[in-house]
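Since chain H is already given, all that's left is putting chain B on it; use the hints.
Number of protein chains: 2
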Amino acid sequence: MEERPVDEFDYGRAVYEPLTQSVRQLIDATIRTEVGEDTVAKVQALVDEGARLLSERLVPESFGVQYTRDGRGMPWGNAIIGLRNPIAPPLVIERNRDGSVWCDVELGAAYEGPPGCLHGGISALILDQLLGATAHRPAQPAFTGTLTVRYQRPTRLGRVHGEARVVRHDGVKTYAVGHLENGEGIMVVAEGVFVRPAGRA
Amino acid sequence: MEERPVDEFDYGRAVYEPLTQSVRQLIDATIRTEVGEDTVAKVQALVDEGARLLSERLVPESFGVQYTRDGRGMPWGNAIIGLRNPIAPPLVIERNRDGSVWCDVELGAAYEGPPGCLHGGISALILDQLLGATAHRPAQPAFTGTLTVRYQRPTRLGRVHGEARVVRHDGVKTYAVGHLENGEGIMVVAEGVFVRPAGRA
Chain H
235 MEERPVDEFD YGRAVYEPLT QSVRQLIDAT IRTEVGEDTV AKVQALVDEG ARLLSERLVP
295 ESFGVQYTRD GRGMPWGNAI IGLRNPIAPP LVIERNRDGS VWCDVELGAA YEGPPGCLHG
355 GISALILDQL LGATAHRPAQ PAFTGTLTVR YQRPTRLGRV HGEARVVRHD GVKTYAVGHL
415 ENGEGIMVVA EGVFVRPAGR A
Chain B
235 MEERPVDEFD YGRAVYEPLT QSVRQLIDAT IRTEVGEDTV AKVQALVDEG ARLLSERLVP
295 ESFGVQYTRD GRGMPWGNAI IGLRNPIAPP LVIERNRDGS VWCDVELGAA YEGPPGCLHG
355 GISALILDQL LGATAHRPAQ PAFTGTLTVR YQRPTRLGRV HGEARVVRHD GVKTYAVGHL
415 ENGEGIMVVA EGVFVRPAGR A
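Those protein sequence lines, which keep their order, are chains H and B. Residue 235 is where the first sequence starts when you use this note's numbering, and the numbers rise one by one after that. Residue 235 is where the second sequence starts when you use this note's numbering, and the numbers rise one by one after that.
Bound-form chain H, shown alone (with noise of 0.2 Å):
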């Protein structure tokens, strides 16, 4: 009998993610409830009685950066991109052949700010993360140094485009731009200083 080698990486995402997509339901019917106390009293046991159940083994602190043997990392805590993250929408990020990237994601009821509108600080996440993505190289990561975010109008809730690119190397520096659109123009503009430790320009 032979024995099939398990990709660590498909099965942490088979067994994990439709979990994690399941948590991401609940959280927006949890924002937009109208039901009594009584079925609100019955949906908070269930819940409580699922994070007893994942917490009979837990990692300690955060998910980190976690590898599979053969070293491919799995970012699955990530605020933002993390498939294990169920405040991650998660965005997905698309790299083009000239190192620019693209994303298309949809926003929904927990990722709200002013009413109907998608909030000004989630905007600042999604850029940084793929302004980030832009400007990192392989093995040479690069920290955020600074970001600015430029609102032109309020971007409604709903599907969003995002774009980023780099601009200019100087030294340890590299300047990324971006912006987040949707069917009624630009929305949202932001410019990135991001750092590569010193001595691995």
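These are computed hints drawn from the structure, not numbers from a lab. Small disclaimer: the values here were computed from a predicted structure and weren't measured. Even for Gly, the Cβ is constructed at its ideal location relative to N, Cα and C. Please note that the accuracy of each hint is not assured.
[Said to hold, decoys possible] Among the chain B residues that face chain H by a calculated CB cut under 8 Å, a handful are: (1) V277; (2) L280; (3) E295.
Frame of chain H, contents of chain B only:
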């Protein structure tokens, strides 16, 4: 028989806040769990049943800012301060007599970026809300024009203290500054330009 008037604000808070808190614990356990697939499947069934029950009556699209009959605002769906939004810690913003604001908040696994550290975009989200809170005048809402965030050092997950204050008014514009700090010092600083709609300056 007298009937005691029920305070909608307090009632809504008493019914929905404990559920939201339980969902926050579920989020943390979902990220950090290492239980096997059978347990995960069991938990997913509990979560799906909870979401189904809550979905029997939902407000459409998003929470918005709902008001009590006597006009008290409930920004409970807000992504960072919302009492009913499980993705919000929630941030509780305190106001000093001079109009400056501060907060103390515990940030766990759900807010991670680099391993063990706060996501830079979450720092931006907190600072956007803090600076906006101090720039806001009663009955004269101010909208974020520009937010600039400077990252001085990576911020470890855990307890974070934030502060913000207005430094200058200039026509319809209000300039505010703020920072996040912890036991290791000041980690992130921010400046914001807030704009009041014309005619209301």
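Hint check: 8 Å Cβ-Cβ cutoff, V277(B) to chain H: holds, 4 Å
L280(B) as an interface hint toward chain H, with CB separation required under 8 Å: Interface hint status for L280(B): holds (4 Å vs cutoff 8 Å).
Restraint check, 8 Å cut-off on beta carbons, for E295(B) near chain H: At 7 Å from the nearest chain H Cβ, E295(B) passes the 8 Å test, so the hint holds.
In this structure, none of the earlier numbered hints is contradicted; all agree with it.
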